[in-house]
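Novice: Protein chains in written order, with this note's numbering: chain Y, 1 to 290; chain S, 1 to 267; chain R, 1 to 365.
Calculated directly from the structure, the hints in this document are not laboratory data.
We put the CB at the ideal spot given by N, CA and C, even for glycine.
Treat the hints loosely; a few may be bogus.
[Claimed, not checked] A few chain S residues facing chain Y, derived, Cβ under 7 Å:
| hint | residue |
| --- | --- |
| 1 | LEU14 |
| 2 | LEU25 |
| 3 | ILE35 |
| 4 | ARG93 |
| 5 | ALA113 |
| 6 | VAL114 |
| 7 | VAL202 |
| 8 | GLY240 |
[Claimed, not checked] Computed footprint of chain R on chain Y, listed as stretches where at least three residues anywhere in the stretch have a Cβ under 8 Å from a Cβ of chain R:
| hint | segment |
| --- | --- |
| 9 | 183 to 189 |
| 10 | 194 to 206 |
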Amino acid sequence: MNKWEDNKAWFLILPVFIIVAFSAVIPLMTVVNYSVQDIFGPGQRFFIGIEWFKEVLSDGRLHEALWRQLLFSGLVLLIEMPLGIGIALLMPKKGWGSSACLVILALPLLIPWNVIGTIWIIFTRPDIGLFGAAINTLGLPFDHTASPFDAWVTVMLMEVWHWTPLVALLAYAGLRAIPEVYYQAAKIDGASSWAIFRYIQLPKMRGVLTIALLLRFMDSFLIYAEPFVLTGGGPGNSTTFLSIYLVKVAVGQFDLGPAAAFSLIYFLIVLLFCWLFYQALQAVGTGDKQ
Amino acid sequence: MKIRKRYILLAFYLMVLFLPIYWMLNMSLRTNADILGSLAMYPEHPTFENYMKIFGDPSWYSGYINSIIYVTMNMVISLLTALPAAYAFSRYRFIGDKHVFFWLLTNRMAPPAVFLLPFFQLYSTFNLIDTHIAVALAHCLFNVPLAVWILEGFMSGVPREIDETAFIDGYSFPRFFVRVFIPLIRAGIGVTAFFCFMFSWVELLLARTLTTTAAKPIAATMTRTVSATGLDWGLLAAAGILTIVPGALVIWFVRNHLAKGFALGRV
Amino acid sequence: MARIDLNEIRHSYKPSPKSDDDFALKRVHTTWEDGGAYALLGPSGCGKTTMLNIISGLLKPSHGQILYDGVDVSAMQPEERNIAQVFQFPVLYDTMTVYDNLAFPLRNRNVPASEVDARVRRIAETLELTNDLGKRAAGLSADAKQKISLGRGLVRSDVAAILFDEPLTVIDPHLKWELRRKLKEIHKEFGLTMIYVTHDQVEAMTFADKIVVMYEGEIVQTGTPEELFERPEHVFVGYFIGSPGMGFLECTLEGDIAHVNGAAIPLEPGYGVRASSLGSRFKLGIRPMYLGVHSSREACGELPGFEARVVGVEDQGFCRIVTVQFGGQEIKARINDGHPVAEGLCWLTFPPEKTKLYFNERLVG
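The following block holds chain Y by itself, in its conformation from the complex:
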């Protein structure tokens, strides 16, 4: 689309610019400020350069948290993307069934994140939870407060339960945008359902799926409240993800300098992935316009 060329459009951007500057730029500058200073109290600050960055980068527990985080996000994407697409394919295209599915699917997305944790605490407790009790009845020992493996399973289950609907909703939006004539042509050509999926639905969903991938990666990488409520990062450090560790350092130990340096590195990692995904999105966009 040809756009009008006019730099006065900046005036329209201005409100957003001011709001975001206030809520993002100033805080970020404070973080940068902390990250290069050693603070003992009011008026007692020393410039120490990149000391905190060195300290944070050599922190073994941070490395562990980072790998844990990458493994977690990777697993989340591997499970949620195919599952979400599958559900979108099952959903009816129109009528009350479609509305009903949309409403039920959107429900978990509108529950405050710590309440999600609470729901799953209740649900997985061996004494009062349906899931916990059912597993125990099957004769399998299950306790997410004692076994790291059980804790992982529980957090993964919760995450998949919570966020797969978002993938499904986005994929559904993509499916709905495919013109009916493509399905008609495929029928005439004698295509199997697999061929329809592989050669029509998947290529046409590429745009929304990239967005879903992006959102799911980011949000799972930033996850905090749900595992914090459910496991508190334990048992041990087995479910201590990056955000949980960061809050432990910043609030728990009140180490402002290292926490700030940690924050910046964290942000840069996210930004790097964000940039990579953005490039991918752009490539998809130009591919479609040809």
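Based on the hints, put chains S and R in the right spot on chain Y.
Specialist: Quick look at chains S and R alone, frame taken from chain Y:
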């Protein structure tokens, strides 16, 4: 036959999806003694005791009011600032447009944990700690970029000839925008409002950090009371269910807009 | 290749249709002969696409049967019917190459690879796509994309019929003509049954041996282009075919004489008498090229001349279209030779063998 199997699978998934929520609903209708006494698939002696306790205690229900106030404020601020910006991005080319757009998106991706301390300091400086506006502004961090992004998509779907015709007909820009343009993208505004509501309503880390009592969100009240009352499961479950209600109501009201937004292949 | 019978087909998109207006197809009962090249002609919304989708099986009709070579296929899916259909806008498998796009319908039916290759190359050559075979289909021009869609329809040699739903809408005019000629060649070469939907009469006449005209959910006439021109069986066919369309005048009858506002126009012997048994109010129809316009009564020759007034002359280069005011009604004439026509008084002649009567919009035989 094939269609049947499809819907059985789908119904099974939706049931599994609903099960944890149902379980909490089930517990919210039972007393704590009843819950700890036996595992029951449905409440045999349903009671609204837990709900009465919440509605009878201001320290409980003020949490809901606080949450709703700051979520509404955030929705209004996000939409009012994002509408003109999205219009600019969808209609004009100007210096740095692509960079600003990308920069806005990066804020959507910023870890809230990163902003925890600086936010606290910033709002302390402006004496805004424990006010609704503080939380509303903090949530703009991720909601404004998102709103700009979604609205830009919807606006690009409106042909530019409509703007040109309106200007030729002598509409001033503000009048055109309010009278002509906004009605055209109603579905988009509905979808955007839904997402702003959603992300502001579910966020807790920032909301909890920036409030102490006067603007404390319901979700935070919940966690505190749990430890104080020594795990009253029934009460906890009832409070949890009540946090789902506003969200459920919102989906119900925007469901047609949502369906329309989805049909356009946007969102 | 097959003969296709449509047996008392009715179709409504509404779940419980009440009146005839609820039906997109009111009643269709017709036969498409094996190996015929048909054009399905009609204005937008007359039910052409509905009929095509019913033939291919994309749509199940509310009533009636479809027979392929006498076999009832009404309950079969399109892939079982083995039929090809090309749509108005290009439908491509974006991620595939042009070659794979063309091979797709064959591979889905487990045709041996060597045969697939031969067919694809053959079709690609006919459609001049050979140089693009290795390219990704998504990157090509709209013309090329539609050619691929056409190719996917033509690539199977054993189909019952090939249906085209206004396939050349997105194609440039000069290429349109060429592609239509190609389709015609392919038709001759393989003897396939082809049904070509269009709303453009020129397109229909250059493509088809037989034209089927649809109007408001019904077939109003089937015939060769000449039949449609000389003997339109419905007022609509008269209007729709020819440029400009047939002219109509309200008239009453008295023996073999038609009265148009006082003018007594003689008809073919016996024709008027046959017609009078139907009713009293008729339309008199005549093609503009048969309506004579003369500058004096003497120039009319043997036929009786009727006084009229020329109100407009439009020069179209190879001919002139004259609008004439006659007895309070307007009618158009087409003049091919150079004889002078000026605005003002003139005399009209109606050759009896070219003057038709219509009752209730239908031709009196």
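Novice: Take the shortest C-beta to C-beta distance between VAL202/S and chain Y; is it under 7 Å?
Specialist: Holds. Min distance 5 Å.
Novice: Please verify that hint: ALA113/S, Cβ, nearest Cβ of chain Y, below 7 Å or not.
Specialist: holds (4 Å)
Novice: If you take the shortest Cβ to Cβ gap from LEU25/S to chain Y, is it below 7 Å?
Specialist: violated (10 Å)
Novice: Would the stated hint for VAL114/S survive a check requiring a Cβ distance to chain Y of less than 7 Å?
Specialist: holds (4 Å)
Novice: Would the hint on ARG93/S stand, with a C-beta cut-off of 7 Å toward chain Y?
Specialist: Holds, about 4 Å.
Novice: Regarding the hint that ILE35/S lies at the interface with chain Y, is the smallest CB-CB distance below 7 Å?
Specialist: holds (6 Å)
Novice: Do at least three Cβ atoms from the segment 194 to 206 of chain Y come closer than 8 Å to Cβ atoms of chain R?
Specialist: As far as the segment 194 to 206 of chain Y goes, the hint holds, because 5 residues have Cβ atoms under 8 Å from chain R.
Novice: Would the stated hint for GLY240/S survive a check requiring a Cβ distance to chain Y of less than 7 Å?
Specialist: holds (5 Å)
Novice: Apply the coverage criterion to the segment 183 to 189 of chain Y and chain R: a residue qualifies when its Cβ sits closer than 8 Å to a Cβ of the chain, and three qualifying residues are needed.
Specialist: Held - the segment 183 to 189 of chain Y has 5 residues with a Cβ nearer than 8 Å to chain R, which meets the minimum of three.
Novice: For the hint on LEU14/S, just tell me whether its beta-carbon gets within less than 7 Å of chain Y.
Specialist: holds (5 Å)
When the structure is compared with the earlier hints, a violation turns up for hint 2 alone.
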